[in-house]
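Going down the list, the protein sequences come from chains A and B. Using this note's numbering, the letters of the first sequence correspond one by one to residues 1 to 350. Using this note's numbering, the letters of the second sequence correspond one by one to residues 351 to 700.
Quick caveat, the hints were computed from the structure, so don't treat them as lab data. Errors might be hidden in some of the hints.
[Unchecked claim] For the chain A half of the interface with chain B, some residues (derived, Cβ under 10 Å), not all of them:
(1) S96
(2) G100
(3) P261
[Said to hold, decoys possible] Here chain A is said to cover these stretches of chain B; the calculated rule only asks that three of the stretch's residues, wherever they fall, bring their Cβ under 8 Å from a Cβ of chain A:
(4) 408–421
(5) 658–669
[As the list claims (entries may be wrong)] Some chain A residues flagged as far from chain B (calculated, every beta-carbon gap over 12 Å):
(6) R4
(7) L107
(8) G203
(9) E319
(10) I344
Cβ coordinates follow ideal geometry from the N, Cα and C atoms, glycine included.
Protein chains: 2
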Amino acid sequence: MTRRERALAVADGRTLLSADPATVSWLTGHVPEIEWGPSPFSAPPVVVVDGSGRVRIVVSEDETDSLLPDVEPVTFPGFAVEEVDRHSRAIELALSLIDGRVAGEPLSLPGALARIELDDVGVELQRARAAKDRDELDAIRSAIAIADIGQAAARSAFVPGVSELELWTLVRAAMESAVGGRLPVLADLVTGPRTADVGGAPGDRRAEHDDLLLVDLVPRIGAYWGDSCAAVAHGDAPGIVRDAHANALAALEAAKTAVAPGVRAGEVDATARALVDYPHHTGHGVGLTVHEQPRIVPGNDQILEEGMVIALEPGCYGEGWGVRVEQVVVVTEDGCDVLSGHDIGLYSTT
Amino acid sequence: MTRRERALAVADGRTLLSADPATVSWLTGHVPEIEWGPSPFSAPPVVVVDGSGRVRIVVSEDETDSLLPDVEPVTFPGFAVEEVDRHSRAIELALSLIDGRVAGEPLSLPGALARIELDDVGVELQRARAAKDRDELDAIRSAIAIADIGQAAARSAFVPGVSELELWTLVRAAMESAVGGRLPVLADLVTGPRTADVGGAPGDRRAEHDDLLLVDLVPRIGAYWGDSCAAVAHGDAPGIVRDAHANALAALEAAKTAVAPGVRAGEVDATARALVDYPHHTGHGVGLTVHEQPRIVPGNDQILEEGMVIALEPGCYGEGWGVRVEQVVVVTEDGCDVLSGHDIGLYSTT
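Please model the complete structure; the sequences and the hints are all you need to start from.
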């Protein structure tokens, strides 16, 4: 089943209505601009799918470039000198497209759209987004390939004296240069004792001899995110850190071995968590958001299916140190394939 | 009047309710994370101000650090392994804080919050946000100082052979290094014929001899944005470009001379637009968003007041070239002060 078919199955004859950015992108191809907050020349787009599968998006006239070929844009003005109430206009337009019974995501809907009687199918849509179509997998592979490039740049530039911000600049430049343009990136990039904090933004700290680097890179290409994490040691890492890293690697391998269609997400979590202790999830789906279903957490009974894309990231954190290894996998017919290509060794393996 | 007092004047005894990110930050000090889209471990915060001036924010427990001292956080869970419906929880908590008649911004409110009967005071709040308090001015000055650093980096690195992305990396690194951390930046950075497009994101194009650079930098420090633009020529710019740049500078000077309390925004626009032609606004307020009231556009009858912060940016665009000059000013008792410190010459003046 394609995602369009899965969405129609959730809608079950009702008109589907959502302003959740992930759902909108999923059904229309819309790529939201996110790096500088809400645009004063736009309003959140709204997707409306009728029972026959016709997909319409209420969107700024400036944001139709990335739409899938069969999606019909219903536009309001974009950048303009004149005063335009784009939010009201978007709501009016969306209201005009709605007919019959409605199912959707009420928590995403602003103003008068939130007053429509509708059946909440938010959870169903989140689950339906977990298994990816071929074009979505291609997009995620592209984002992961860019994360790989960033990871390589971080690893090769991690030497005593370099600051976290300097590393960050090199990493980002390597990724943006490979893409040929700016790209949004969520990142942890911390060194030394800061690695004990699980993550954090790059700052002024300069790397020292026998230091650790923890670098988690989550770049977006188009509407889809990649993910990746590695811990890198310079010089001599203490035995406890080497052991912890080996345990994290073993947990990652065990988790990958556990992933297969029919397995519950919580079972994968338990498999990894039996080998090493960490205060966070074992993993999560990745795609139109940086962290989505299936969440690999204790007790999650969601059953894994072919086409789901999962980032697995066991770690271990102690007094003044922390390590984590992360790879992204796609669930296959009988197991999973690893999409990540970056070096996850504590020391470089190449 | 402080912004709190202006907000209470708009509320006029009613409970004030908003989930507009700018209004929330304005009244609470909340700094939204924006660079990677909506967080899966958060939900949009909601501000509730009761008639006595008590300010409460419904917010993730992970996002209370930046709040103003007298703001009371009412929190829902942040980062967690467990499954939590933060959006529903935020709405429930906000509903529990509401009492009596309500005024607010209905277009910003999700789900059940949008079903509350309330008086729409969105336009009044936007206007009330235009004049800045002292702490807001300090924040904007800091952001503009960072923009100045970015402008200087762009200007000094603009030589034949450098790519737009390489310039961008240097510019961003200079700004992030000055801050000691990552910061969100909206930017135009285009060279050569791309300058005719008014703006655009940096790409692969490499600068050539006798080329133009158009660089518009809008960094955010805390919750407040700065703004800045310059056009820089390498080598010999054609006479038409030099003339256009001189006209844009003259228009900027005329606009600054026109800015004073009691003047209508549209009059400032007309003053600048009489000297040079451009397909965009003459300027705009800047603060909690990158473009806000007072918009300096034809016919805007909003009256300028002391404390308003306005970016003025006349430009001129022809076949294969474009120039723009921008400075930010604050309206004073009898005119305006320029907050920008960057070089706006077509050729460096230092």
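Okay, the hints, checked on the actual structure:
1. Evaluation of the S96/A hint against chain B yields a violated restraint, the C-beta minimum of about 17 Å exceeding 10 Å.
2. Hint on G100/A is violated. Least Cβ distance to chain B is approximately 21 Å, over the 10 Å limit.
3. Against a cut-off of 10 Å between C-beta atoms, the interface hint on P261/A is violated, since the closest Cβ of chain B lies about 22 Å away.
4. Under a criterion of three residues with beta carbons nearer than 8 Å to beta carbons of chain A, the stated coverage of the region 408–421 of chain B fails, only 0 such residues being counted.
5. Residue count for the region 658–669 of chain B with a Cβ under 8 Å from a Cβ of chain A: 0. That is fewer than the three needed, and the coverage hint is violated.
6. Distance check for R4/A against chain B: the nearest CB is about 23 Å away, which clears 12 Å, and the non-interface claim stands.
7. Listed as outside the interface, L107/A is inconsistent with that label: its C-beta sits roughly 4 Å from the nearest C-beta of chain B, within the 12 Å cut-off.
8. With a least CB separation of 5 Å from chain B, G203/A falls inside the 12 Å interface cut-off, contrary to its annotation.
9. In this structure E319/A is separated from chain B by more than 12 Å, as the shortest Cβ-Cβ distance comes to about 21 Å.
10. Non-interface call for I344/A relative to chain B: holds, since the shortest CB-CB distance, roughly 23 Å, exceeds 12 Å.
Comparing the model with each numbered hint stated earlier shows that hints 1, 2, 3, 4, 5, 7, 8 do not hold.
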